[in-house]
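Novice: Residues per chain, in single letters:
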Amino acid sequence: GAVVSQHPSWVICKSGTSVKIECRSLDFQATTMFWYRQFPKQSLMLMATSNEGSKATYEQGVEKDKFLINHASLTLSTLTVTSAHPEDSSFYICSARRGSVGYEQYFGPGTRLTVT
Amino acid sequence: QKEVEQNSGPLSVPEGAIASLNCTYSDRVSQSFFWYRQYSGKSPELIMSIYSNGDKEDGRFTAQLNKASQYVSLLIRDSQPSDSATYLCAVTEMGTYKYIFGTGTRLKVLA
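The listed protein sequences correspond, in order, to chains A and B.
Residues in the first sequence are numbered from 1 upward in steps of one, following my numbering.
Residues in the second sequence are numbered from 1 upward in steps of one, following my numbering.
One chain only, chain A, in its complex shape (with noise of 0.2 Å):
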């Protein structure tokens, strides 16, 4: 159980356009969902923090209208990264947490993006 899904797994889009990728609990309801980018060689670093039918919770420095997060159900949350730049190509992850069980984190199999 536990199964966390993302969409697209890899995305190749132009500078100026928007970019959207889907998160999915598979197996169970996800009241919170995380987004997190990596860049090469480095940890992973905590964008936002959605819960479902609340306005996101952006950490310091990223830009909620870059970044747009919908949390719409208890097991879909998206992240569109709107007028795209080559700076924004990364390894974009999602985690849900399960329900109101523990503490622990489930990631999703992550989406590369890249802007030409």
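No lab work stands behind these hints: they were computed from the structure.
Mixed in with the good hints, there may be bad ones.
[Claimed, not checked] Selected chain A positions facing chain B (in silico; Cβ < 7 Å): (1) THR32; (2) TYR103; (3) PHE107.
[To be verified] Chain A side only, calculated, beta carbon under 8 Å to chain B, not exhaustive: (4) SER43; (5) LEU44; (6) LEU46; (7) ARG97; (8) GLY102; (9) GLU104; (10) GLN105; (11) GLY108; (12) PRO109; (13) GLY110.
[As the list claims (entries may be wrong)] If you want the footprint, here are the derived chain B segments under chain A, 3+ residues with CB under 8 Å: (14) 43-55; (15) 96-110.
Fair warning: this is a prediction, and the values are worked out from it, not measured in the lab.
Think of the CB as a built atom: it goes at the ideal place given N, C-alpha and C, for glycine as much as any other residue.
Given chain A, work out where chain B should sit, using these hints.
Specialist: Frame of chain A; chain B shown alone:
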């Protein structure tokens, strides 16, 4: 600033040996601790969580927590080449479900 520290490695151990990975954290009131394994180009995979002082065993893995000394460790017995990965320590921030990640220790198990 709350921090989680790990030796970046690489830590090299021969196949069949015990690998010992350590993590220290600065926030004394942290309550939840996690070890993740991350293969190159992949996302983290949960190995173990630990909440109470002492040892917790799961197969070849043992997590050890000492809240007084503010460290948590992971022992991998009978290390295999497939254990070669980066191991991330994560600690929850008090009052939230957010993780604070260490920078990870790269483990190499030599065949």
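Novice: Are the hints correct? Go through all of them and say.
Specialist: Now for the hints, and whether the structure bears them out:
1. THR32: Given a least distance of 6 Å, the restraint on THR32(A) holds.
2. TYR103: With a closest approach of 4 Å, the TYR103(A) hint holds.
3. PHE107: holds (4 Å)
4. SER43: Since the shortest Cβ distance to chain B is 5 Å, the answer is holds.
5. LEU44: This hint holds: LEU44(A) lies near chain B, its Cβ roughly 5 Å from the closest one there, short of 8 Å.
6. LEU46: Hint holds; LEU46(A) Cβ to chain B Cβ min 6 Å, cut 8 Å.
7. ARG97: Interface hint status for ARG97(A): holds (6 Å vs cutoff 8 Å).
8. GLY102: holds (7 Å)
9. GLU104: Result: holds, 5 Å to nearest chain B Cβ.
10. GLN105: holds (6 Å)
11. GLY108: holds (6 Å)
12. PRO109: holds (5 Å)
13. GLY110: holds (4 Å)
14. 43-55: Holds: 5 residues of the region 43-55 of chain B have a Cβ under 8 Å from chain A.
15. 96-110: holds (count 8)
In summary, this structure violates none of the numbered hints.
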